[in-house]
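Q: Here the protein sequences come in this chain order: A and B. Counted the way the numbering used here counts, the first sequence spans residues 1 to 268. Counted the way the numbering used here counts, the second sequence spans residues 1 to 271.
Among the clues, some could well be false.
As the list claims (entries may be wrong) - Facing chain A, according to a computed beta carbon distance under 10 Å, are these residues of chain B, among others:
id	residue
1	Tyr12
2	Ala13
3	Ser16
4	Pro55
5	Pro77
6	Leu114
7	Pro139
8	Val158
9	Ala160
10	Leu241
Claimed, not checked - Chain B side only, calculated, beta carbon under 10 Å to chain A, not exhaustive:
id	residue
11	Gln21
12	Ser22
13	Ala93
14	Gln95
15	Val121
16	Gly133
Calculated from the structure, these hints are not laboratory results. Even glycine gets a Cβ: it sits at the ideal position worked out from N, Cα and C.
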Amino acid sequence: MSSASVATGSGLPEYVTRRPGGFYRSTNPSTKLAIAALEVVAAFAVPGLPGPLLVLGAVLVSGLAARRLRGLAVLALAASPIVGSILLVNLFLLPGASDPIARLGPLAPTWSGLWFGLQTVARLLVFSTAIALVYLTTAVDDLLADLARRGLGRRAIFVVGAAVQMVPRTIGRAAEIVDAQRARGLDTEGRFWQRARGVVPLAAPVVFGALTEVEERTMALEARAFSAPGRQTLLRIPADTAFDRVLRWAAVFALIAVVGLRVAGRLG
Amino acid sequence: MAIELRAVRYRYAGASKDALQSIDLRLEPGRVLGVVGANESGKTTLCLVAGGFAPGVVGGRLEESARIDGVETTSIPTHALALRCGLLFQNAATQLSNTTATVFEEVGFGPCNLGLVVPDVIERVWWALKAVGVEDLAPRDPARLSGGQGQLVALASVLALRPRYLILDEPTSELDPAGTALVADALARVASETGAGIMLVEHKAEVLARIADEVIVLGEGSVALAGPAAAVLADPMLAELGIEPPERIGLERDVRAAGLDWPAVLAEAPA
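Use the sequences and the hints to build the structure in full.
A: Pasting the structure below:
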């Protein structure tokens, strides 16, 4: 039984009943979540490099269809330090690797290290880009409305919404605090040790401010009948076409199949 | 019909002394009660107690009687409190649900929580936006409003629940003069058009002088002064309690101190 009643009446302004345009963007949020889950599980379940690379290609094609390749490229760029370190560590230090590519003094990069590093990086990129694509192509309120329609409780929905929005809010708050601390003479752009010393005066206000905010938010929500019993009215629900449902169930069955094959050792 | 506190004492959990001591207060629908006081005088605590959030939501110990329309606040469920008494806090940003894409949906968040049918939600949203005078903000993203606009949307969001009373805890404290003027205009409109009883905690005596019928002054958790707004805001004791009087009253005091005739000065002043 759903915990939310669905808006069927008219009279709502167009900006409330809006529908996202474009193939991938207009796909139902739960369908996109199911596809992302399949992509992540498949990338980790299929051994070797070709499997994760194939899945990464599928994510990028989806990103192209959604016109969000640029956003995914920015994400990949942001992940480049960790990508680089994974490659280097595995290239030179993979335990048990004995197939050197070359000798560089005491160091010996190995083929198996390179292979394993690339596989790990491909999986990491699938994980981050698949989730990012859902985020980049789905309005938070669409996701929450869809989850509400499927019976998720309002508290659980609020937790999901707050978690999704916590990242940009925390980044914004951190930027304000950095500016304020700079104005008071804190060096945030000097040498590494100077910057490291500045972490505590920056992190503490971010953390404590967020905790204080939670109390205020809780009271403000209670003042708006958040804990009222019964069903919550939904003003708008995202479309869920027959194609969406087919795609979603196909993704769910494929995910189960991948896990089953992996457990049975049939994926190599 | 009133919010009524009788000899109320309140102490936060773990505190060593009472935050409120022997508070008597009565707020009737259609009236505006201003509350002023220095920092740490108990203003926010008074809001939480009068609105039923203390001890209900924040914990602590309440002694004697705090009632809304004759019912002890401690026996009213939290969601039912929201229908009787709307609470608005200082920071507009923390009062948004963060789950909506437009101001229209944000204001509808409370009525939707009540499970009202969609036409009723729509009617309440437009009513609340109109009462506050911000219908034109309806399509906007709530996260991209100015401080004053955000506070007005928060006020409309609380109003959409149609509470009989509104308790506003320094709604202009984080606003610049333009934002303060926006909110003060809206409060004056709400006070005259909705018939709600309003308890307005406010540092800016100018705002109180404009819309309050009565004013109480808090000092160290108890009522130091109480009475009609004009009389209390003109009381010389106000300054001793750390409260700046309204500009007009300060000016009148200075003129009289200079030995001039205030009515004559006023008559000669340009309109």
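Q: A separate judgement is required for each hint: does it hold in the structure or not?
A: Evaluated hints:
Annotation: interface hint on Tyr12 (chain B) violated; nearest CB of chain A at approximately 13 Å, more than 10 Å. Hint status for Ala13 (chain B) relative to chain A: violated, with the closest Cβ pair at about 13 Å, above 10 Å. Annotation: Ser16 (chain B) was flagged as interfacial toward chain A, and the flag is violated, the nearest CB pair being 21 Å apart, outside 10 Å. Given hint, Pro55 (chain B) at the interface with chain A, is violated; its Cβ is 13 Å from that chain's nearest Cβ, farther than 10 Å.
Hint status for Pro77 (chain B) relative to chain A: holds, with the closest Cβ pair at about 8 Å, below 10 Å. Because the beta carbon of Leu114 (chain B) sits about 5 Å from the nearest beta carbon in chain A, less than 10 Å, this interface hint is met. Interface hint at Pro139 (chain B): satisfied, since its Cβ lies 4 Å from the closest Cβ of chain A, which is below the 10 Å cut-off. Satisfaction of the interface hint for Val158 (chain B) is found here, the shortest Cβ-Cβ separation to chain A being roughly 6 Å, below the 10 Å cut-off.
The criterion of a C-beta within 10 Å of any C-beta in chain A is met by Ala160 (chain B), whose closest approach is roughly 8 Å, and the hint holds. Checking Leu241 (chain B) against chain A by beta carbon gives a least distance of about 27 Å; that is not within 10 Å, so the hint is violated. Interface restraint check for Gln21 (chain B): the shortest CB-CB distance to chain A comes to about 23 Å, outside 10 Å, so the restraint is violated. Because the smallest distance between the Cβ of Ser22 (chain B) and any Cβ of chain A comes to about 25 Å, over 10 Å, the interface hint for this residue is violated.
Restraint check, Ala93 (chain B) versus chain A: the minimum CB separation of about 8 Å is within 10 Å; hint holds. A distance limit of 10 Å between C-beta atoms decides the matter here; for Gln95 (chain B) the minimum to chain A is near 4 Å, and the interface restraint holds. Restraint check, Val121 (chain B) versus chain A: the minimum CB separation of about 6 Å is within 10 Å; hint holds. Proximity of Gly133 (chain B) to chain A is violated relative to the hint, the smallest CB-CB distance being about 18 Å (cut-off 10 Å).
When held up to the earlier numbered hints, the structure conflicts with 1, 2, 3, 4, 10, 11, 12, 16 and fits the remainder.
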